[in-house]
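Asker: Spelled out, the chains give:
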Amino acid sequence: QSVLTQPPSVSAAPGQKVTISCSGSSSNIGTNYVAWYHHLPGTAPKLLIYDNNKRPSGIPDRFSGSKSGTSATLGITGLQTGDEADYYCGTWDNSLNTVVFGGGTKLTVL
Amino acid sequence: QLQLQESGPGLVKPSETLSLICTVSGGSISSTTYYWGWIRQPPGKGLEWIGSIYYSGSIYYNPSLKSRATTSVDTSKNLFSLKLRSVTAADTAVYYCARHVGVTLQYVDNWGQGTLVSVSS
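In order, the protein sequences belong to chains A and B.
Count the first sequence with our numbering and you get residues 1243 to 1352, in order.
Count the second sequence with our numbering and you get residues 5 to 125, in order.
The following block holds chain A by itself, in its conformation from the complex:
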C-alpha cells in the first residue's frame, strides 16, 4: 500500500481535460515539494512536473501541477491518445525518511 494515494485509473475523451489527484499527509505533501512522472511500461519514467508546478524544458504547457495542503493535482488539457500512460506522484516523507510515490494512475484516452 502506497503512502501517497492516487486513483487507480482515469479516463477522458481526446481534446478534453483530466485531473489526477495525489493525497498524502503533513509529513510528506504537506511539507515538501511534489513531482509528477509519466511512465509507459518498458520505458524510462519521465519527469513532468517538479516543485509542485514547474515544468522541465520540453514538457508542453498542457501539463500543469498544483498543491493545496496535503494534496496535489496533475492536470492535463487537450488530451491526446499519446498521453495514455501511467502517472505517478512523488515526494519526500519527513517521518519515514524516504522518497515516497503514489500507487500510480492509468490514464485512458477514450
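Honestly, the hints are just simulated from the structure, not real lab data.
Virtual Cβ for every residue (Gly too), placed ideally from N, Cα, C.
Be aware that one or more of the hints could be misleading.
[To be verified] Derived DEER-like restraints, expressed as beta-carbon distance ranges: (1) B:23 <-> A:1310: 35 to 45 Å; (2) A:1257 <-> B:74: 47 to 57 Å; (3) A:1259 <-> B:14: 33 to 43 Å; (4) A:1282 <-> B:122: 19 to 29 Å; (5) B:70 <-> A:1303: 37 to 47 Å; (6) A:1317 <-> B:17: 25 to 35 Å; (7) B:68 <-> A:1282: 45 to 55 Å; (8) B:20 <-> A:1255: 45 to 55 Å; (9) B:20 <-> A:1338: 21 to 31 Å; (10) B:122 <-> A:1303: 15 to 25 Å; (11) B:35 <-> A:1272: 23 to 33 Å; (12) A:1249 <-> B:81: 39 to 49 Å.
Here the structure of chain A is known, so what remains is to put chain B in place on it, guided by the hints.
Answerer: Leaving out everything else, chain B in the frame of chain A:
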C-alpha cells in the same frame, strides 16, 4: 545529454545477492547538485525507492530495505552500484537507476531504461 544505463544479471537465485551497476554518461557523477539512486517496480505494482548516494558517499536508504541494501559510487568510472542481499521472489522487479535533484531528493530528473531482475531457482 545525460544517460543512465543499468547492467547486471537478469536472474538471481533466492537467498543470493542481487548486484546492479548504473553507468552514467553525458555528465559527471561528481556534480554537487545531485544524488544517484535506485528505484524499483515489482510486476503490477507501483514505484518503490531503494536508496540514493551522493558522490562523496553520503547515503539515504529506504528503512524497509536498509538491512539488505548497499549502494556505492565509483567516481573514477562515473558509475554507482546496488547490492541487495538475501533476495526472495518479492524482490523480482524492474530496477531503475536515477538522478535525484537536490540534497533532499526532491525529484528525479533522469531515469535509466530499467532492467528486469527475476528471483527464482
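Asker: If a hint holds in the structure, say so; if it does not, say that too.
Answerer: How the hints compare with the structure:
no.	hint	verdict
1	B:23 <-> A:1310: 35 to 45 Å	43 Å, holds
2	A:1257 <-> B:74: 47 to 57 Å	49 Å, holds
3	A:1259 <-> B:14: 33 to 43 Å	41 Å, holds
4	A:1282 <-> B:122: 19 to 29 Å	21 Å, holds
5	B:70 <-> A:1303: 37 to 47 Å	40 Å, holds
6	A:1317 <-> B:17: 25 to 35 Å	46 Å, violated
7	B:68 <-> A:1282: 45 to 55 Å	27 Å, violated
8	B:20 <-> A:1255: 45 to 55 Å	49 Å, holds
9	B:20 <-> A:1338: 21 to 31 Å	28 Å, holds
10	B:122 <-> A:1303: 15 to 25 Å	41 Å, violated
11	B:35 <-> A:1272: 23 to 33 Å	30 Å, holds
12	A:1249 <-> B:81: 39 to 49 Å	43 Å, holds
Checked against the numbered hints above, the structure breaks hints 6, 7, 10 and satisfies the rest.
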